[in-house]
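Chain Y is already provided as a structure; the job is to place chains P and X with the ligands on it using the hints.
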Amino acid sequence: MDSALIPEGVKRCPLWKFALGIIIVGVVLLWGVYAMFLCWFKGLNQTNMNDAYGFAIWIWADLAVIALGGGAFFTGFLRYIVGKDELKNIINCTIVIGFICYSSALLILAIDIGQPLRGWFIFWHANVHSMLTEVAFCLSCYFAVLTIEYLPLILENRQTDKIPFFHNLSHNLHEVMAVFAATGAFLSFFHQGSLGGVAGVLFGRPFAFREGVLIWPWTFFLFTWSAAAYGPCFSLLVTRIIEKITKKQLVKQNVIELLAKISGWMIATYIVAKIIDTWYWAAVTAPSNGFTLLDFYSGNALYGIWILVLEIVICGIVPACILITEKGRKNKLAFTTAIILGVVGVSLNRWVMVLQVMAVPVLPFESWNLYYPSWQEVATTVLPVAYGIILIMISYRYLPIFPQEKELNPIES
Amino acid sequence: MKIDRRSFLSLGVGAVAGLTLSPLPWKMMDDSSIWTQMWPWTPVPEDGEVSYVNSTCTLCPGGCGILVRKVNERAVKIEGLKGHPVNDGGICILGLSGLQLLYGPTRVKTPLKRVGKRGEGRWEKISWDKAISEVAEKLKNLRKENKPHTVGCISGSANGTLPKLIERFLTVYGSPNFMKIPSIQDSYELTLHLTQGVQALAGVDIENSDFVLSFGSGIIDGWGSPVRMFKANSALKKSGGRLVQIEPRLSNTAAKADRWIPINPGTEAALALGLAHVIVKKSLYHKDFIENYASGFYDKTGDNGFKRFVLDECGLDKISKITGVDKTVMETLAKNFAKAKKPIAISGRGQGKSPGSLNEFMAVHALNALVGNINKKGGISAVPEPDFINWPELEMDAIAAKGMQKERLDGAGSNKFPDTGSLLNRFAQSINSGETGKKYPMEVLFVAGANPCYTMPDTKTTKKAFGKIPFVVSFSPYMDETAQNADLILPNHTCLERYEDMPAPVGLTKPVICLSKPVVSPLFDTKQTGDVIIALAKALSGNISKAFVWDSYKTCLEKTLGSKWDVLVEDGIWVDNDFTAPAWENAFDTPSAKFEFYALKTDDINPVKIEGDDNSYPLVLMPYDSVRLANGFIGDPPFVVKTVSDTVLKGKDSFVEINPETAKSCGLSQGNYAVLSTPKGTAMVKINLFEGIMPGIIALPRGLGHTAYDKYLANKGLNVNDLIGPVEDSVSGLDTAWGIRAKLSKA
Amino acid sequence: MNKEHKDTKTKKFGMVIDLDLCTGCGACMVACMAENNVPFKEDESNKLDSITWMRVYKLTNGKSFPDTDICYIPRPCQHCGGIGDHGHSPCVSVCPATATDYDHETGIVSQIYTRCFGCRYCMAACPYHARYFNWWDPVWPGDMKESLSPNVSPRMRGVVEKCSFCFHRYQQAKDRAYANGRREIEENEYQTACTQACPAGAITFGDLNNPEHQVHKLVNPDPKHCGRPKNPKAFRLLERLQTNPKVYYISSREWVRRAGDNYIKNESKQIA
Ligand SMILES: Nc1nc2c(c(=O)[nH]1)N[C@H]1C(S)=C(S)[C@@H](COP(=O)(O)OP(=O)(O)OC[C@H]3O[C@@H](n4cnc5c(=O)[nH]c(N)nc54)[C@H](O)[C@@H]3O)O[C@H]1N2
Ligand SMILES: Nc1nc2c(c(=O)[nH]1)N[C@H]1C(S)=C(S)[C@@H](COP(=O)(O)OP(=O)(O)OC[C@H]3O[C@@H](n4cnc5c(=O)[nH]c(N)nc54)[C@H](O)[C@@H]3O)O[C@H]1N2
Ligand code: SF4
Ligand code: SF4
Ligand code: SF4
Ligand code: SF4
Ligand code: SF4
Ligand SMILES: [Mo]
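Residue numbers (this note's numbering), protein chains in the order written: chain Y, 1 to 413; chain P, 1001 to 1747; chain X, 2001 to 2272.
Read the hints as simulated data drawn from the structure, not as lab findings.
Capping the alpha-carbon separation at 25 Å, the derived lysine-lysine pairs in DSS-like fashion look like this: (1) Lys-1402/P - Lys-1140/P; (2) Lys-42/Y - Lys-1711/P; (3) Lys-1711/P - Lys-2145/X.
Isolated chain Y (complex conformation):
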């Protein structure tokens, strides 16, 4: 029925199957939308956040999703600026993921703030000293860039492509894409960093606070670095999942391995930096404020030192080792484990930098604040996931996001 919309030369599942999938995910999406409206109309009392936990699961989801979406800018950077041409075969996929992640991030922010209708004050009454201002500007600009990057993809749909205006637009956009990719990469370097800065500048919170250069705390650089390092893992993971579901190979192994190798080296260097940062923080920064490392990891039911081990060793050193070795990349199980660990690692890092920051007591006479999200929070956090799945489903079905698909899966007539 919808065959006219499906790219030429590829096979797609029957429409009913596709529709069923959309409906199932759509129900989850609607649940999230319902929760979202509850939060908008009844206010944030629908959440379990409180005055000690002003940032909670949403902000974590926000940061995590942006880090995971980091594959988009970094692959763009690699392809257009460094000139790794092979990556053109996966870049569309990273752009879709990036678009999903960033639009989700913006949506979450619009739900998370207490006065959504005043959200634009962040631009109008901007405070240049605030990391969040930097985040808002870069995030919005980069989202615009991603939209522009996503646009040609849409225009490449069989039907839109028939219209000469769109065909030409698409063509011209491709020509200038390098400029946008470069802009995007630059913007992204910044706002990934400013997200790291959000926690790092909090000099009232010794757990989060880091020294740095000029106005930027070390977390600024660590966040950019980690997003560049782990973002591709997520792109690879998503590609892997799509391949699993469609039971097709969509990207050639050399492309996958190239991205994986780069990711591996990025993780390796990042984790060295992260260890140095942690050591300096534990040995110098925190003690100068009267804290030992263990103060941050004891006296509560959740945050033990295991979290640091998990983040640095299991989700840092291990995937790095796997991905930088040829053997590791070639071993399917090891490879999959590595990219999953990478995704977990960066998400955990963002969790720690949001949730644990809130949880650690600063006043000596206060104690740990643990919290669990309300169903409304869970639903609104699941909402972008559902939305993302739907967008990927649609994009995959109707847009040529995997240029190698045709070649790898010739249709026998």
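Chains P and X with the ligands in isolation, oriented as in the chain Y frame:
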């Protein structure tokens, strides 16, 4: 025109672009944010002309001067009145929240008559005329049946024109049953009466003392006139005076004291006598006072004197065993107390809500006598009640005279308790025990300025007694527990809407009268209780009517206060500045014309008994007072409840304070639910570990567990009065209970 | 800068709370609520969503009976000067919408409710938990609206609020002084609601820059160290974080002074 796909699309794109570039979306964005800044459901307080009215806060017996800020006719803030002799600008948490009571949802807005069952909460509005004539009718009938004595009243206080008007009404009507809410004032008055032969209030000059020895008195937990005591405590700190606090629990007062001496509860009298032992033994007592102005110190023929008793019977080993206080601590403490220039010893636990053992008051007061700090600066003095109520003599008719001959239902003034004026703690028991002996039923009960169904220990018994009284009239401005259980509510104005005098705030060292004034005109269809009493009297005609010569309460007040009226209206307070407590030569109105040490009995050093046996109830439950919880007639307004800690109240659960060691032995830890039972009742509580409480003792705050009032107060926590009961003092009949035996088990 | 500002001295309003005098009575909390139209709700026992611009903490020394000791610490907004006391308070520097600001004329950290869009970044930044979010619409049932003061606007749902050092009282005091032809206000003309109410006289408020003012005399702030108190009995909360609060505490008890900051075990008692 044919619209093909292409032109449709470009039209669409054009429209979106055009709309975006037009001012419309921007304008809408701006408007919507402006709308959020002026949400119609977020109130905008009306501005207007600002004025200030001074008055007196009567939410507790403290008598603080207040200054109320008004905007047009609205009262917007209550502040302490600077320069006021009681509180000099300071104010407490409750006084500050007064406007929430004035404007709050708990007000009774018109007279209400019960339609459902008692306590069911179904009421019908009734006009004032109808309400008053209904009551008058009932009262007339009772007199016709020669039963005027079956009418009674429970009043929050016995002093001031309003209580006196009510008492006058009852007298001329023919009932002796005027009762008041008990407090340590009763014990102090009795102590001064027995030792010094005077009818007077105890003035405590903490601020000028240099050594305050407090037997559990919570001077910063709301004892006495609370704000004045806060100030006195600060004055003490600044002048280098010392405060030694004796009690089993680290109260705020104990924490702020220079020295906290934990003591086995109920053994305060023994400790006082132990200290007396040291003072006497080391001859540290005030020679002049003891030799020339005291009697009963030395042996009389056939009678052990105070000296002999404390030397022989109060050896430190023995006292130490009873009190749990170390011998050397007692020794140094006694020495330093005696050596201080202006030492003062005070008693009455916590806020002084429970009168306590007379023996304990006498023993502690004996310390004041030993150091001769009576009627002196920095000591305790006998302050006469301001003498301004001089109304024309009453004329009782025969029915009234006969009624007045009857013994009071609470037994006060009887042969057994000749010196006590009111014994509300015995009232419920007496009603419940029925028509045995001389006792008679109570037919009509008025309740004014009191909430006995909540505040009296053993609420179950109190409520049972109320159930036996066919007609209960409440004068409460608020829907409190007693009003809820009444048949008729005749709501008074709140203290911010009415004139009312408040003589003698507790503990002041000079005779003082304070005046509440209407800060705003009455908001609802309420009536000053004084006017209701006068109207009732008029309706009853005859001698009763004749005894009330005033056409309104305000004229009564004005006439009664005479020349003081103008001063009071202007300043809100009148102080008898010429008053000085009489010198020792003229101070004592006893048979010996001296201070009389009482004859001690061996039993007097034994601990004050409480209810319950040690085997079934291994622990002891003590109520404690906190300034963050009003626990008297006034229920807490929302602001006050807001300040209550989450280790006292969480959601609807009350926490019981317990020493970690004790908790461990009961298998309980922080936050656990537990079942608390006493001989009076059982309740569910949560555990709050507190190192500052003596092992074996557990404590619950007074002031929670209301069932009436609004959603901001009702059904939160536990009313400790449900779990405790009174214990009668053998001499005064007053309630001596300081706790009750209890048991805690895992829920 | 207009002329008015030029001929008045720069002020640094601050507060000194004597913990030896403070009784934990809570009058300061309620005075603040009544003065500043702070809302209340049915259940306020969850202290993590209960708005108390002034909050009185209860501390214990951790020792067992009978050596236990208690101290109360009232905590308004500390009106932090930030690192170097340049006005970059933890909260002000992070607010993306400039909805909270540092007033260099007075040292007071302001909060503009109609500007705030409720991102709560400032709350995350404030180590004192001095900031409160309006999780609910404020509701004053029945006639309770009558008691609202027109000097402080009630806040709407979804914005952050905090202690303002009763800034409206400063404006009123200045207006009165100007009306009388004076440029400077007297110490007693601007006092906060909590200071005024405290029955124990534990709170002192005034200009830390003015050596004549009580607050200055009480703590003797060291200008070389961003106002660190020279009085050895005085301290500030979390001094080592360099938030540079303008609220000082005095206690004669060592354990209390130590409880005001974090120390590593066995660390020398001296602050570097
Ligand atoms: N060797 C020897 N032993 C003695 C004595 C002696 O002379 N010699 N004297 C005995 C006598 S008389 C006494 S009273 C005791 C005194 O013995 P302690 O009760 O130990 O008295 P201090 O050491 O004066 O004060 C105790 C603690 O209270 C703290 N403190 C200060 N202000 C406050 C406050 O507001 N609240 C609270 N909770 N604590 C505060 C002080 O910092 C100090 O740490 O010692 C007895 N023991
Ligand atoms: N700086 C400071 N000052 C304090 C205190 C503090 O902690 N710090 N604590 C305060 C307290 S709680 C107290 S109790 C006082 C204690 O202060 P003081 O009242 O001065 O008590 P002591 O120094 O213990 O003893 C007083 C004198 O009594 C003598 N003496 C001992 N036994 C006897 C006796 O049997 N008969 C006679 N006649 N004399 C005897 C001793 O030799 C000594 O000279 O100090 C108070 N002042
Ligand atoms: S102490 Fe009593 S009289 Fe004084 S303000 Fe408080 S409630 Fe009113
Ligand atoms: S009002 Fe004064 S004494 Fe009461 S808690 Fe506040 S600072 Fe302490
Ligand atoms: S105490 Fe908190 S809210 Fe107040 S100025 Fe400091 S950081 Fe900001
Ligand atoms: S919550 Fe309001 S005041 Fe706080 S940082 Fe966000 S916009 Fe600024
Ligand atoms: S200074 Fe004013 S706003 Fe701040 S806590 Fe005190 S009363 Fe509240
Ligand atoms: Mo002492």
